[in-house]
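Asker: Chain order of the listed sequences is A and B.
The first sequence runs 1 to 310 under the numbering used here.
The second sequence runs 1 to 310 under the numbering used here.
The set of hints was computed from the structure by calculation and includes no laboratory data.
Predicted model, so just to flag it, every value in this text is computed and none were measured.
Backbone N, C-alpha and C fix where the C-beta goes; we use that ideal spot for every residue, glycine too.
Check before you lean on any hint, since a few could be wrong.
[What the hints assert, rightly or not] Chain B side only, calculated, beta carbon under 8 Å to chain A, not exhaustive: (1) PRO25; (2) ALA87; (3) ASP91; (4) ILE110; (5) ALA115; (6) THR118; (7) TYR122; (8) GLN173.
[Claimed, not checked] Ranges of calculated distance between the beta carbons of each label pair, as one might list FRET restraints: (9) B:ARG257 - A:SER151: 48 to 56 Å; (10) A:GLU248 - B:SER147: 30 to 38 Å; (11) B:ASN181 - A:SER282: 32 to 40 Å; (12) A:LYS102 - B:GLU294: 51 to 59 Å; (13) B:GLU294 - A:GLU294: 54 to 62 Å; (14) B:SER245 - A:SER26: 53 to 61 Å; (15) A:HIS220 - B:ASP286: 32 to 40 Å; (16) A:GLU27 - B:GLU33: 51 to 59 Å; (17) A:SER151 - B:GLU27: 43 to 51 Å.
Number of protein chains: 2
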Amino acid sequence: MDITAYLKEKKTMVDSYLKSYFSPPSEPSVLHEAMKYSLFAGGKRIRPILALASYEACGGNPEDIIPYASAMELIHTYSLIHDDLPAMDNDDLRRGKPTNHKVFGEAIAILAGDALLTEAFYMLSNPPSPPFAKGGMGGLLQHSAFSIPKSTILKVIHEVAMAVGIHGMVGGQVQDIISENSEPNKDTLSFIHVHKTAALITASVRIGPLLAESDNDTLHALSRYGENIGLTFQIIDDILDIEGSPEELGKSAGSDRKSKKMTYPALYGIEMSRQKAENLISVAIDELKIFSSEADPLREIASYLIKRRN
Amino acid sequence: MDITAYLKEKKTMVDSYLKSYFSPPSEPSVLHEAMKYSLFAGGKRIRPILALASYEACGGNPEDIIPYASAMELIHTYSLIHDDLPAMDNDDLRRGKPTNHKVFGEAIAILAGDALLTEAFYMLSNPPSPPFAKGGMGGLLQHSAFSIPKSTILKVIHEVAMAVGIHGMVGGQVQDIISENSEPNKDTLSFIHVHKTAALITASVRIGPLLAESDNDTLHALSRYGENIGLTFQIIDDILDIEGSPEELGKSAGSDRKSKKMTYPALYGIEMSRQKAENLISVAIDELKIFSSEADPLREIASYLIKRRN
Numbered sequence: 001m002d003i004t005a006y007l008k009e010k011k012t013m014v015d016s017y018l019k020s021y022f023s024p025p026s027e028p029s030v031l032h033e034a035m036k037y038s039l040f041a042g043g044k045r046i047r048p049i050l051a052l053a054s055y056e057a058c059g060g061n062p063e064d065i066i067p068y069a070s071a072m073e074l075i076h077t078y079s080l081i082h083d084d085l086p087a088m089d090n091d092d093l094r095r096g097k098p099t100n101h102k103v104f105g106e107a108i109a110i111l112a113g114d115a116l117l118t119e120a121f122y123m124l125s126n127p128p129s130p131p132f133a134k135g136g137m138g139g140l141l142q143h144s145a146f147s148i149p150k151s152t153i154l155k156v157i158h159e160v161a162m163a164v165g166i167h168g169m170v171g172g173q174v175q176d177i178i179s180e181n182s183e184p185n186k187d188t189l190s191f192i193h194v195h196k197t198a199a200l201i202t203a204s205v206r207i208g209p210l211l212a213e214s215d216n217d218t219l220h221a222l223s224r225y226g227e228n229i230g231l232t233f234q235i236i237d238d239i240l241d242i243e244g245s246p247e248e249l250g251k252s253a254g255s256d257r258k259s260k261k262m263t264y265p266a267l268y269g270i271e272m273s274r275q276k277a278e279n280l281i282s283v284a285i286d287e288l289k290i291f292s293s294e295a296d297p298l299r300e301i302a303s304y305l306i307k308r309r310n
Numbered sequence: 001m002d003i004t005a006y007l008k009e010k011k012t013m014v015d016s017y018l019k020s021y022f023s024p025p026s027e028p029s030v031l032h033e034a035m036k037y038s039l040f041a042g043g044k045r046i047r048p049i050l051a052l053a054s055y056e057a058c059g060g061n062p063e064d065i066i067p068y069a070s071a072m073e074l075i076h077t078y079s080l081i082h083d084d085l086p087a088m089d090n091d092d093l094r095r096g097k098p099t100n101h102k103v104f105g106e107a108i109a110i111l112a113g114d115a116l117l118t119e120a121f122y123m124l125s126n127p128p129s130p131p132f133a134k135g136g137m138g139g140l141l142q143h144s145a146f147s148i149p150k151s152t153i154l155k156v157i158h159e160v161a162m163a164v165g166i167h168g169m170v171g172g173q174v175q176d177i178i179s180e181n182s183e184p185n186k187d188t189l190s191f192i193h194v195h196k197t198a199a200l201i202t203a204s205v206r207i208g209p210l211l212a213e214s215d216n217d218t219l220h221a222l223s224r225y226g227e228n229i230g231l232t233f234q235i236i237d238d239i240l241d242i243e244g245s246p247e248e249l250g251k252s253a254g255s256d257r258k259s260k261k262m263t264y265p266a267l268y269g270i271e272m273s274r275q276k277a278e279n280l281i282s283v284a285i286d287e288l289k290i291f292s293s294e295a296d297p298l299r300e301i302a303s304y305l306i307k308r309r310n
C-alpha cells in the first residue's frame, strides 16, 4: 500500500473537520486565534490518524469517528503549547514558526492550551452534528447516520483523561522537568517516555477498538502496538534532536543536551537507541499478527515512524 | 434553617470524598503534592455545595452525586492556580497561603492546573466505586447502589466543558486580561463576569437538575438562579477587593485597582455595585418560586453570598 497517500488522505479528513469546527468566529477573538494558530501550524496529525487506522483495523469506517480522532489533536496541541512555555522548555520555535507564547504572550498561550484541552472533552462528549457541518463536510454526514453507544463514549473519555493527566502525559512532563540535570537512569527514563509520549499515542490507538467495541484480544493487541510505537516515537524524537537539522526539525537542534534532559541517547548512545527503537517497532508489528490486511496501514505507520526525519 | 450548619455539613461531605480520592500516593509525588496543596488550601467548596443543594431541590439525595459535585472543585482549583501565575494576575498569596507557583515553581504550577482540569473529566466520566471508597466513605456506599444513566453523565460532561472553555471561564479570563487598562464599559464588563465566574457557578447549579433528570422548567429556573448568583459572586469579589481587609481576604487588597482591572466598582462605584448585587440576589431567589422548602438551602446560599466577607 501507498502509505504516503494514506497519511495524506487521512490528514486531509482531520484537517477539514478541524477547520470546519473552528471556522465560526468566537470571542474573545485573540483566544480563538491563538488556539487556531497552534492547531494549524503544520502538525502531521499522527495521533488522529492512528485512531482512524486502528478503527479501520477493527472493521470500522474511519469517517465515522473523525471527531473522536480529531479531539486527540487538540490535546496534543495543548501539550505542545504548554511544553514550549518559558517556565518549561522555553522554546522560541515549533515547526519552523514562533511558538504560541512568542506570538500571543505567555498568559494567552497558557489559556489557549487550557481551552484546547477543555475543547477536546467538549468535542468527545458530543461532537457537532450535521447542522454544524454544512459546507463541504461530507464525512460528517455519514457520521450523522452512525451512532456510538453513550456508554462507549464515556469509556473513551475516561480512557483519554487517564492517559493525559497525572497518571499519563502530565505526569511524564513533570518527571521530565524534575529529572533535568540528573544522572540518567533506566527506570526514570522509561517512566518519562511511557507517560510523556506513549500514553497519548496508546490512547489514540485504543480509541479505535473501544469505539468499534472490539473484543479484549483485539484491544490488548492494539494497546501493545500503541505502547511500542509510542516509545519508539519518543526515542526517535530524542535522536532527531541530536542528528536532525534545524530545517528538518523546524526548531533548533540540540536543545535536549542544552537543558540536560534525560533521553535515550544520553543513557544508551545513539546507535543502541536506534537499535532499541527498531526492536520496539518489530514487536509492535508482531502484535498485529491477529489482523490481516485491514491492519496494513498500522504496520506501515510503524515503519514510517522509525524513518521519519521530523 | 441553619445555613451555617448546612454549609459545614456539605463541605465535610465534599472534603472527605476529595481526601479519600487523593489519598493513595501517586507519582510524580511533587505533582500530586502540588495538586493537593491548592485543593486543600481552605476553599469553601461553594460550587460543589451548589450542585448538592440544587440536586436536593430537585428531590435527589445529595450523597448520590458527591463525585460529580466534587469535580467542580477540581476545575475551580485549576482555574485559581493558573489565574495566580506570574503571567496572569501574579499573586503571591491565596487564602492566606503562598500561591502554588510560589511553593512549587511555575512549571509545576501550570502542570498541576492541567492535571486538575484533566482529573475533573476523569472523575466525571467514571467516579470511583466503593472499593476505592473503603475506610470511612459512608456516603459513597450509598452512591454505589445508585446509577445515573450514561447519557445523562455525557450531557453533564458536555455542559461542564462548555462552561469552562473558550465559551465560558477561559474566554472570560482572556477578556479580563486583555481589558486591563481599558476604559470600563458595560458590555465588556458583563462579558467578563458572565464568563469568568458565572459560567462555572451556573454549571455547578445546573448539574443538579441534569443529574436528577428534572423537567425543562426546573432546569430553566435553576439556570437563571445560577446566572444571577454567579454574577453576584463576582461583584462581591470586586467589592471585597476594595473594602476587605487582607486578613479577611487571605491576600492583599486593592489588587484589581493596581492592575487596572475592569470591575463593577470601577464602572458603577461601590454603592451602585452593591445595589446591583442585591437586585440580582432578589431575582435569583424569585426564580426559585416554583420550589417549596426543598430549595431553602439554595435560597439561604443566595443570601449568604451577598453577606460574605471573603
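Asker: Indicate, hint by hint, whether the structure satisfies it.
Answerer: Hint-by-hint comparison with the structure:
1. PRO25: Nearest chain A Cβ about 11 Å off; hint violated.
2. ALA87: holds (4 Å)
3. ASP91: violated (13 Å)
4. ILE110: holds (6 Å)
5. ALA115: Result: holds, 4 Å to nearest chain A Cβ.
6. THR118: holds (4 Å)
7. TYR122: Result: holds, 4 Å to nearest chain A Cβ.
8. GLN173: Where the cut-off is 8 Å and the nearest Cβ of chain A is about 6 Å from GLN173 (chain B), the hint holds.
9. B:ARG257 - A:SER151: 48 to 56 Å: holds (51 Å)
10. A:GLU248 - B:SER147: 30 to 38 Å: Given range 30 to 38 Å: violated, Cβ gap about 53 Å.
11. B:ASN181 - A:SER282: 32 to 40 Å: violated (59 Å)
12. A:LYS102 - B:GLU294: 51 to 59 Å: Cβ of LYS102 (chain A) to Cβ of GLU294 (chain B): about 54 Å, so the range 51 to 59 Å holds.
13. B:GLU294 - A:GLU294: 54 to 62 Å: holds (56 Å)
14. B:SER245 - A:SER26: 53 to 61 Å: The hint (53 to 61 Å, Cβ to Cβ) is violated, given that SER245 (chain B) and SER26 (chain A) are roughly 40 Å apart.
15. A:HIS220 - B:ASP286: 32 to 40 Å: Given about 57 Å between the Cβ atoms, the range is violated.
16. A:GLU27 - B:GLU33: 51 to 59 Å: violated (37 Å)
17. A:SER151 - B:GLU27: 43 to 51 Å: Roughly 30 Å apart at Cβ, these two residues miss the hinted range, so it is violated.
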